[in-house]
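Peer 1: Going line by line, the protein sequences match chains A and B.
Using the numbering used here, you'd call the opening residue of the first sequence number 1 and step up by one each time.
Using the numbering used here, you'd call the opening residue of the second sequence number 1 and step up by one each time.
You may find that some hints are simply not true.
Just a few of them, taken from the derived set where beta-carbon distance is under 7 Å, the chain A residues facing chain B [as the list claims (entries may be wrong)]:
1. Phe-137
2. Leu-138
3. Gly-141
4. Ala-144
5. Tyr-146
6. Ala-148
7. Asn-151
8. Ala-154
9. Arg-157
10. Ala-158
11. Val-161
12. Asn-169
13. Ile-172
14. Ile-173
15. Ser-176
Here are a few chain A residues that sit away from chain B, every Cβ distance over 12 Å (derived from the structure) [unchecked claim]:
16. Leu-33
17. Glu-46
18. Ile-56
19. Val-61
20. Leu-108
21. Ala-226
Worth flagging that the hints you see were computed from the coordinates, not collected in a lab.
Idealized CB from N, CA, C, for every residue including glycine.
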Amino acid sequence: MWSFFHKLGSPRWFYQISGRFLPWISVTAVSLLVVGTIWGLAFAPEDFKQGNSYRIMFVHVPTAMVALVGYYVMAAAGAVSLIWRMKMADVVMRSCAPIGAAMTFLALLSGAIWGKPTWGTWWVWDARITSMLVLLFLYLGVIALYEAYDNKVAAGRACAVLSLVGMVNIPIIYKSVDWWYSLHQPASIKLTEESTIHSSMLQPLLFTAAGFYLFYATALLLYIRAELVFREQNTRWVRDLALGKRD
Amino acid sequence: MNFFIATLRRELQISARRRVELTNPLFFFLMVVAMFPLGVGPDPTKLAELAPGIIWIVALLATLLAADGLFRTDAEDGCLEQLLVSHQPLYVSVLAKLCAHWLVTGLPLTLCAPLLGLMLQLPSPAMTALFGSLLIGSGVLSFLAGIGAGLTVGLARGGMLVSLLILPLYVPVLIFGSGAVQAAGRGLPFESHLLILGAMLLLAVCLSPLAIAAGLRISMDN
Numbered sequence: 001m002w003s004f005f006h007k008l009g010s011p012r013w014f015y016q017i018s019g020r021f022l023p024w025i026s027v028t029a030v031s032l033l034v035v036g037t038i039w040g041l042a043f044a045p046e047d048f049k050q051g052n053s054y055r056i057m058f059v060h061v062p063t064a065m066v067a068l069v070g071y072y073v074m075a076a077a078g079a080v081s082l083i084w085r086m087k088m089a090d091v092v093m094r095s096c097a098p099i100g101a102a103m104t105f106l107a108l109l110s111g112a113i114w115g116k117p118t119w120g121t122w123w124v125w126d127a128r129i130t131s132m133l134v135l136l137f138l139y140l141g142v143i144a145l146y147e148a149y150d151n152k153v154a155a156g157r158a159c160a161v162l163s164l165v166g167m168v169n170i171p172i173i174y175k176s177v178d179w180w181y182s183l184h185q186p187a188s189i190k191l192t193e194e195s196t197i198h199s200s201m202l203q204p205l206l207f208t209a210a211g212f213y214l215f216y217a218t219a220l221l222l223y224i225r226a227e228l229v230f231r232e233q234n235t236r237w238v239r240d241l242a243l244g245k246r247d
Numbered sequence: 001m002n003f004f005i006a007t008l009r010r011e012l013q014i015s016a017r018r019r020v021e022l023t024n025p026l027f028f029f030l031m032v033v034a035m036f037p038l039g040v041g042p043d044p045t046k047l048a049e050l051a052p053g054i055i056w057i058v059a060l061l062a063t064l065l066a067a068d069g070l071f072r073t074d075a076e077d078g079c080l081e082q083l084l085v086s087h088q089p090l091y092v093s094v095l096a097k098l099c100a101h102w103l104v105t106g107l108p109l110t111l112c113a114p115l116l117g118l119m120l121q122l123p124s125p126a127m128t129a130l131f132g133s134l135l136i137g138s139g140v141l142s143f144l145a146g147i148g149a150g151l152t153v154g155l156a157r158g159g160m161l162v163s164l165l166i167l168p169l170y171v172p173v174l175i176f177g178s179g180a181v182q183a184a185g186r187g188l189p190f191e192s193h194l195l196i197l198g199a200m201l202l203l204a205v206c207l208s209p210l211a212i213a214a215g216l217r218i219s220m221d222n
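Could you put together the complete structure from these sequences and hints?
Peer 2: The following block contains the structure:
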């Protein structure tokens with residue numbers, strides 16, 4: 001059992017093991033997403049206030065959840081790479097940033113599209129939207145810092161420090177944005193509470209949420225594998241891989 | 001403690017010998033604030049309403065610009081390497097450098113702010129809140145900006161990047177800082193805002209030197 005985890009620290013083994021898991025994860029992700037989407041779009045009941053427009057929730061809520069969790073994955077990988085200097089953790093952290101940024105952007109975009117018919121406006125300075133925007137900025141900062149360094153080892157460690165700083169700050173940012181919002185008391189807009197959602201809408205949402213988590217895992221693994229091959233391009237196993245040799 | 005005081009004194013002496021660099025952030029602060037009435041119009045009620053936000057946002061930008069040079073000259077002349085290899089803890093020297101940095105940028109900004117408040121027609125009850133919130137908040141700003149400066153000191157161009165990295169972290173300070181001034185302007189109590197800013201200051205003073213020290217080591221390894 002332990003040797004399995006130790007093996008994951010080696011780029012070559014990680015490449016092989018992830019290659020074995022990838023088909024399962026991706027097929028499950030796609031089937032969950034297909035079931036959840038068809039259920040949500042065609043069979044879930046219409047919302048009595050928002051009509052059919054609420055159905056974008058089946059994309060919006062999962063992307064927002066994954067975007068937030070993705071930051072913690074990135075920061076955890078960063079911590080591991082700083083403390084134990086693990087090559088793999090560095091690759092994971094580097095791969096988390098663009099995918100997380102894309103998820104955050106999707107959440108903001110789908111939120112804007114949802115907001116137009118529901119609130120009559122594309123953008124509101126609501127607490128959650130603002131925090132998501134700040135989260136996007138944090139992701140973009142990590143990417144910008146990584147690209148600024150020519151030495152990619154130093155870049156990875158600098159980004160690890162930055163993502164840890166961000167992780168300490170995220171709860172503070174969230175709470176303060178919450179407080180700022182309640183101080184401002186904007187006119188009439190209320191987000192529907194997620195806990196009051198009816199089970200006929202919650203069940204397809206759970207499917208798409210699980211599907212998006214697995215989709216995130218798939219995208220992350222693909223990115224990690226590409227990054228691994230790029231970084232290890234001068235090693236024998238990558239050369240064998242490129243020549244089509246199996247071992 | 002002796003080491004802390006020695007580093008602090010050294011930093012202050014260096015800044016005292018480069019007076020122009022000392023006043024640059026102040027002039028920046030003054031000039032950008034002066035642009036706002038030109039941009040949004042001189043209507044006193046409108047200016048008074050916008051004043052807390054304007055002054056706070058310009059203070060954020062001024063500290064960020066000033067922070068870019070925080071470790072750069074030391075990195076160029078080799079002092080930073082000496083600090084890294086010395087047997088004194090890097091945490092303490094970073095803490096001393098940041099305290100010195102706050103004394104020569106954050107504190108003058110705070111002292112100038114009431115004047116700018118007057119120019120922007122900020123109501124007089126809000127002045128105490130402006131002064132108090134900037135006094136505490138500019139410390140947080142300096143310590144957070146230090147993280148960006150430490151992470152980018154090894155890079156050829158840091159300026160814009162520091163802002164991109166650090167501005168998201170400034171969100172809470174901005175909210176409570178300008179919130180205090182706005183609350184005071186409406187005659188509401190603002191002490192709770194200052195207390196939260198104080199809590200942020202304590203957290204920043206304790207934790208950010210750790211991140212800055214790690215960032216400096218990474219940057220100098222590069």
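Peer 1: Now, for every hint given, state plainly whether the structure supports it.
Peer 2: Here's how the hints hold up against the structure:
1. Phe-137: holds (4 Å)
2. Leu-138: holds (5 Å)
3. Gly-141: holds (4 Å)
4. Ala-144: Holds. Min distance 5 Å.
5. Tyr-146: violated (11 Å)
6. Ala-148: The hint holds - A/Ala-148 has a Cβ within 7 Å of chain B, the shortest such distance being about 5 Å.
7. Asn-151: holds (5 Å)
8. Ala-154: holds (4 Å)
9. Arg-157: OK, holds: A/Arg-157 within 7 Å of chain B, min 5 Å.
10. Ala-158: holds (5 Å)
11. Val-161: At 5 Å from the nearest chain B Cβ, A/Val-161 passes the 7 Å test, so the hint holds.
12. Asn-169: At 5 Å from the nearest chain B Cβ, A/Asn-169 passes the 7 Å test, so the hint holds.
13. Ile-172: Since the shortest Cβ distance to chain B is 5 Å, the answer is holds.
14. Ile-173: This hint holds: A/Ile-173 lies near chain B, its Cβ roughly 5 Å from the closest one there, short of 7 Å.
15. Ser-176: holds (4 Å)
16. Leu-33: holds (31 Å)
17. Glu-46: holds (38 Å)
18. Ile-56: holds (27 Å)
19. Val-61: holds (23 Å)
20. Leu-108: holds (14 Å)
21. Ala-226: Per Cβ check, A/Ala-226 is outside 12 Å of chain B; nearest 25 Å; holds.
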